[in-house]
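*Asks:* Position 3 of the sequence shown, counting from 1, maps to 3 under full-length UniProt numbering, and the rest follow consecutively.
Just so you know, these hints were derived from the structure itself, not from any lab. Errors might be hidden in some of the hints.
Derived DEER-like restraints, expressed as beta-carbon distance ranges [stated by the list, open to error]: (1) Asn64 to Phe117: 19 to 25 Å; (2) Ala71 to Ala144: 29 to 35 Å; (3) Gln137 to Asp76: 30 to 36 Å; (4) Glu114 to Gly140: 24 to 30 Å; (5) Asn79 to Lys42: 20 to 26 Å; (6) Val105 to Val135: 29 to 35 Å; (7) Val118 to Ala71: 23 to 29 Å; (8) Lys66 to Glu114: 15 to 21 Å; (9) Arg155 to Arg56: 17 to 23 Å.
Note that the coordinates shown come from a computational prediction; the quantities given were computed from them, not determined experimentally. Every residue, glycine too, gets a C-beta built ideally from N, C-alpha and C.
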Amino acid sequence: MSTIAVVPGSFDPITNGHLDIIARASKIFENVRVVVMHNSAKKGLFTAEERIELIREATSHFPNVKVETSAGLLIDYVNRIGATVIVRGLRAVSDFEYEMQITSVNRVLDDEIETFFVMTKSQYSFLSSSIVKEVSQYGGDISALVPRNVELALREKYNQN
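With the sequences and hints as input, model every part of the structure.
*Replies:* Here is the structure:
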């Protein structure tokens, strides 16, 4: 039986930091599911469908990565697909406290699911989707921060073609 690992996030949009975590997870786990989760605390720029398509394009070279979406609790999605692992990226110490809270709640909901924290490469330690959107909105160069398809999609969203 192969291990299914879930890499969850809102991915609005996916960044090179996210791709780093997905790439590394795909080397460790046989099956990786990138799941676009609805975050009620965030207002999205891209629709869930647009995010899924952007992620599929950006991860198409990983044969063991599948992209899906889910609403509701992550732990419910994890159980529904038979996954046993959640992979979360950490950029800095500030991420750890939030991630620890989420992991602790997930352990209460299902203590059979393990969470693996992966430290992002240092060049992505500052990177977030919010920063990418801010820089892009004002016409800044984001080519080193996101895959090319995301860069083009952001230009289109902000009418910068």
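*Asks:* Each hint needs a verdict: does it hold in this structure or not?
*Replies:* Here's how the hints hold up against the structure:
no.: 1; hint: Asn64 to Phe117: 19 to 25 Å; verdict: holds, 21 Å
no.: 2; hint: Ala71 to Ala144: 29 to 35 Å; verdict: holds, 33 Å
no.: 3; hint: Gln137 to Asp76: 30 to 36 Å; verdict: holds, 34 Å
no.: 4; hint: Glu114 to Gly140: 24 to 30 Å; verdict: violated, 39 Å
no.: 5; hint: Asn79 to Lys42: 20 to 26 Å; verdict: holds, 24 Å
no.: 6; hint: Val105 to Val135: 29 to 35 Å; verdict: holds, 32 Å
no.: 7; hint: Val118 to Ala71: 23 to 29 Å; verdict: holds, 25 Å
no.: 8; hint: Lys66 to Glu114: 15 to 21 Å; verdict: holds, 20 Å
no.: 9; hint: Arg155 to Arg56: 17 to 23 Å; verdict: holds, 19 Å
Hint violations for this structure: number 4 only, all remaining hints satisfied.
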